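Asker: The listed protein sequences derive, respectively, from chains V and B.
In case it helps, the UniProt record's numbering puts the first sequence at residues 1 to 318.
In case it helps, the UniProt record's numbering puts the second sequence at residues 1 to 449.
These aren't lab readings, by the way, just hints derived from the structure by calculation.
Quantities reported herein were computed from a predicted structural model and do not represent experimental measurements.
Check each hint, because a few of them may be wrong.
[To be verified] Under the rule of at most 27 Å between Cα atoms (straight-line distance), these lysine-lysine pairs were calculated in the DSS-like manner:
hint	chain 1	residue 1	chain 2	residue 2
1	B	K428	V	K173
2	V	K58	B	K131
3	B	K283	V	K66
4	B	K427	V	K173
5	V	K173	B	K334
6	V	K66	B	K433
7	B	K440	V	K58
8	B	K131	V	K173
9	V	K66	B	K131
10	B	K443	V	K58
11	B	K428	V	K58
12	B	K440	V	K173
13	B	K153	V	K66
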Amino acid sequence: MADLATAKPLQNEGKKPFWTETRRSRLTAYTFISPFFILFSIFGLYPIFFTIYLSFFKWDALGPMKFVGFRNYELITSDPTFWISFSNTLIMALMGTVPQLIMALFVAIMLNSALNKFKNTSRILFFMPNITSIVAVALVFSTMFGNNGMINWLLNTMGMESMAFNSGWWGVKIAISTMVMWRWMGYNAIIFLSGLQSIPTDIYEAAKIDGASRGQQMIYITLPLLRPFIIFVTLISTIGALQLFTEPYVFLGQSGTGSTRQEGVTMVTYLYSEAFRNGFFGTAAATAVMLFAFTIIFSVLNMMISSRMGGDTGGKKA
Amino acid sequence: MNRMKRMAVVLIAVLLVASLAACGGGGNKTTTNNGGNTPGASENGANEGATTDSGEKIELTFWSLGTTNYEELAKEYTEEHPNVTVKFQNTSDQTAHHNNLTTALSANSGAPDIFMLEIAFMERFINAQDKFHNLYDLGAKDIEGDYLEWKWKQATSLDGSFQLGLPTDIGPTVVYYRTDLVEQAGLPTDPDGFSAAIDTWDKFAAVAKQFKDKTGKPFADLTDLVYNGVRDQAADEIYFSRADGSFIGDTNPQVKKAYDFTVNGIQEGWIGNTLLWSPEWNKAINDGDFAVMLAPAWMAGTIRNAQDSAGKWAIAQLPEGAGNWGGSFLTLPKEGKHSKEAYEFISWLVNKENQLKSFKSKGLFPSIPAVYSEPSFTEDKDDFFSGQVISEAYAKSAERVKPVYYGPLHDQVDTMFKDALKNVLEKKADPAKEWENAIKQAKTLAERS
Numbered sequence: 001m002a003d004l005a006t007a008k009p010l011q012n013e014g015k016k017p018f019w020t021e022t023r024r025s026r027l028t029a030y031t032f033i034s035p036f037f038i039l040f041s042i043f044g045l046y047p048i049f050f051t052i053y054l055s056f057f058k059w060d061a062l063g064p065m066k067f068v069g070f071r072n073y074e075l076i077t078s079d080p081t082f083w084i085s086f087s088n089t090l091i092m093a094l095m096g097t098v099p100q101l102i103m104a105l106f107v108a109i110m111l112n113s114a115l116n117k118f119k120n121t122s123r124i125l126f127f128m129p130n131i132t133s134i135v136a137v138a139l140v141f142s143t144m145f146g147n148n149g150m151i152n153w154l155l156n157t158m159g160m161e162s163m164a165f166n167s168g169w170w171g172v173k174i175a176i177s178t179m180v181m182w183r184w185m186g187y188n189a190i191i192f193l194s195g196l197q198s199i200p201t202d203i204y205e206a207a208k209i210d211g212a213s214r215g216q217q218m219i220y221i222t223l224p225l226l227r228p229f230i231i232f233v234t235l236i237s238t239i240g241a242l243q244l245f246t247e248p249y250v251f252l253g254q255s256g257t258g259s260t261r262q263e264g265v266t267m268v269t270y271l272y273s274e275a276f277r278n279g280f281f282g283t284a285a286a287t288a289v290m291l292f293a294f295t296i297i298f299s300v301l302n303m304m305i306s307s308r309m310g311g312d313t314g315g316k317k318a
Numbered sequence: 001m002n003r004m005k006r007m008a009v010v011l012i013a014v015l016l017v018a019s020l021a022a023c024g025g026g027g028n029k030t031t032t033n034n035g036g037n038t039p040g041a042s043e044n045g046a047n048e049g050a051t052t053d054s055g056e057k058i059e060l061t062f063w064s065l066g067t068t069n070y071e072e073l074a075k076e077y078t079e080e081h082p083n084v085t086v087k088f089q090n091t092s093d094q095t096a097h098h099n100n101l102t103t104a105l106s107a108n109s110g111a112p113d114i115f116m117l118e119i120a121f122m123e124r125f126i127n128a129q130d131k132f133h134n135l136y137d138l139g140a141k142d143i144e145g146d147y148l149e150w151k152w153k154q155a156t157s158l159d160g161s162f163q164l165g166l167p168t169d170i171g172p173t174v175v176y177y178r179t180d181l182v183e184q185a186g187l188p189t190d191p192d193g194f195s196a197a198i199d200t201w202d203k204f205a206a207v208a209k210q211f212k213d214k215t216g217k218p219f220a221d222l223t224d225l226v227y228n229g230v231r232d233q234a235a236d237e238i239y240f241s242r243a244d245g246s247f248i249g250d251t252n253p254q255v256k257k258a259y260d261f262t263v264n265g266i267q268e269g270w271i272g273n274t275l276l277w278s279p280e281w282n283k284a285i286n287d288g289d290f291a292v293m294l295a296p297a298w299m300a301g302t303i304r305n306a307q308d309s310a311g312k313w314a315i316a317q318l319p320e321g322a323g324n325w326g327g328s329f330l331t332l333p334k335e336g337k338h339s340k341e342a343y344e345f346i347s348w349l350v351n352k353e354n355q356l357k358s359f360k361s362k363g364l365f366p367s368i369p370a371v372y373s374e375p376s377f378t379e380d381k382d383d384f385f386s387g388q389v390i391s392e393a394y395a396k397s398a399e400r401v402k403p404v405y406y407g408p409l410h411d412q413v414d415t416m417f418k419d420a421l422k423n424v425l426e427k428k429a430d431p432a433k434e435w436e437n438a439i440k441q442a443k444t445l446a447e448r449s
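Chain V with its partners taken away, still in its complex shape (with noise of 0.2 Å):
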């Protein structure tokens, strides 16, 4: 006892108590955070572990699991539609989001000129797709590409021929990628919008002293200063349109099957048909893995070719 007693001062001595003000507010301050990173990691991580542990089985949701290697990847990898899912991605990826950003671009443009005298209206307006119900407006686009639909009388009445845009290979993308154009563009506009506002008038006031015309402007000027939002706008629409899913399931699976043709499987749906049509857990995973792997490679590709656009200029703003 002696001993102890004489021990303690001594470790004391050497020794800071155990709760110092820093560790107490330190505590304090990780518990104020801890909420989402308690909700993070049951909701998020838990998930995508469990994910790649469940592709190395085979589960239907009800029975046992039954560990089978990398047989759920070597089945989807040599299933032909698992491959023309991935293309179908891709394809509409590209259709839906390349001439939407062109698009989105020229519209922030538009809304940003003074000469807009509806700025707020037009801004509420091109924002509206975004937060319209996909499932509302998948079925209003059905019906538009129907086979009796407005798009196919357009056409009609322009003298071409009707297109079979719920099971023709091009028809079904391209009635796919509008739907996503039609819903993105707003919300990408005013992503866009937002950097134009950020280039300060004063450098478009220079160049116009020094006789630089509109369109010179928007080349040394606009594009480059607007390269993070550029950044930034490729990779969440290459994100999402990899993820690409309401729009085919409810365009293609109307028939209340709840499968999606061919023509328009994507990645997700297959996934999804996997999961919860076929009750194939197992290979659904597998396929969610693979996903997260191109999803990664397809992100690490934008991020290089459009940080190489417009070269060195993008620097100078900094």
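Fit chain B to the supplied structure of chain V, relying on the hints for placement.
Answerer: Chain B only, in chain V's frame:
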């Protein structure tokens, strides 16, 4: 300011506790399960001034699907059995409804006492028998004889020892036809005459061609329903073998017959091109753009929505036998704690009198054949269907249905064949190649099970 701060702290504390509770819920699966007994009691206690004998009061949870009159019937039941109340949760989205149960069963938590199971999802759950009560243990043998044999068998395990559910409604297939249009083509308009004119598939095709030549309109609305009509008459099995679950769609003659028959219809031009359930299809029904629709009893509701066509429809029998599309069962997941009371309730809910009530109020077609001879069932003339006694026409079809085994991937594989037919119709694809492709896809899918 101080008050605000205190409020914020309390709020955050609540959030924290809530998130921790969420965390605990994931790990401890049995808590909610045990809870099943008590919450009912405490809720009742709150309502009726705290009675402590919780053994008396029973609350059954019931996940119902689509439009039924079960909630009203449950109220009647509570009047007779004051200790039993039924709490409903209704969904109209079939896929979501069954996925919810899958989730609950695999998590061992959250499944209801009574679950309404649609036939298309039967195979998924009949393979998970250990998650359900065997109704044979609860006395289902005694009432088995009341129901249509084929319907009962749909929910019986292959060895016949396990009964998963009690039959609710059925969907016997008939031929809905437009009397005004078939008259234009010089065909008999009365149900018996028209049924006789199309009583084999060959005759059906000949009549269809004749109709197309005379009126210029397609005879049937779309490929899917024509294909279903022939397919459903397969003997015993369709795409999958009853014995070992292997894929047999490529060798089953009835599947090939259904495919060829539909291809023939496409090539002869008497099959229309509308998409099932699309607005265009509804318009075509209303405008009389085609003459017949091969569809189950419950399709009458859709046809009735086409108001301009009132009085112009009638019902004939399908060539060469009938088929069935749809219909549900009431099952008791094992998680439910009141199996005895739940069974008593569901066996009452789908008894003869109540099936008649469900038919009268919501059109759920009875699976108890004794109902078909009830006067109030047969006296019902329907003006929409040119004054025909339609319940009789359905009953006739229901008694001709033969049981078939579907297999867990039936729906998925079926879609592949439907897509093939649509490609033949819309893209003028080669039918033989499309057939091969559908078979290949089906085999790829079957490999996984």
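Asker: Compare the structure with each hint and give your call.
Answerer: Status of the hints after comparison with the structure:
| no. | hint | verdict |
| --- | --- | --- |
| 1 | K428/B <-> K173/V | 19 Å, holds |
| 2 | K58/V <-> K131/B | 19 Å, holds |
| 3 | K283/B <-> K66/V | 49 Å, violated |
| 4 | K427/B <-> K173/V | 15 Å, holds |
| 5 | K173/V <-> K334/B | 46 Å, violated |
| 6 | K66/V <-> K433/B | 36 Å, violated |
| 7 | K440/B <-> K58/V | 22 Å, holds |
| 8 | K131/B <-> K173/V | 42 Å, violated |
| 9 | K66/V <-> K131/B | 18 Å, holds |
| 10 | K443/B <-> K58/V | 18 Å, holds |
| 11 | K428/B <-> K58/V | 39 Å, violated |
| 12 | K440/B <-> K173/V | 24 Å, holds |
| 13 | K153/B <-> K66/V | 30 Å, violated |
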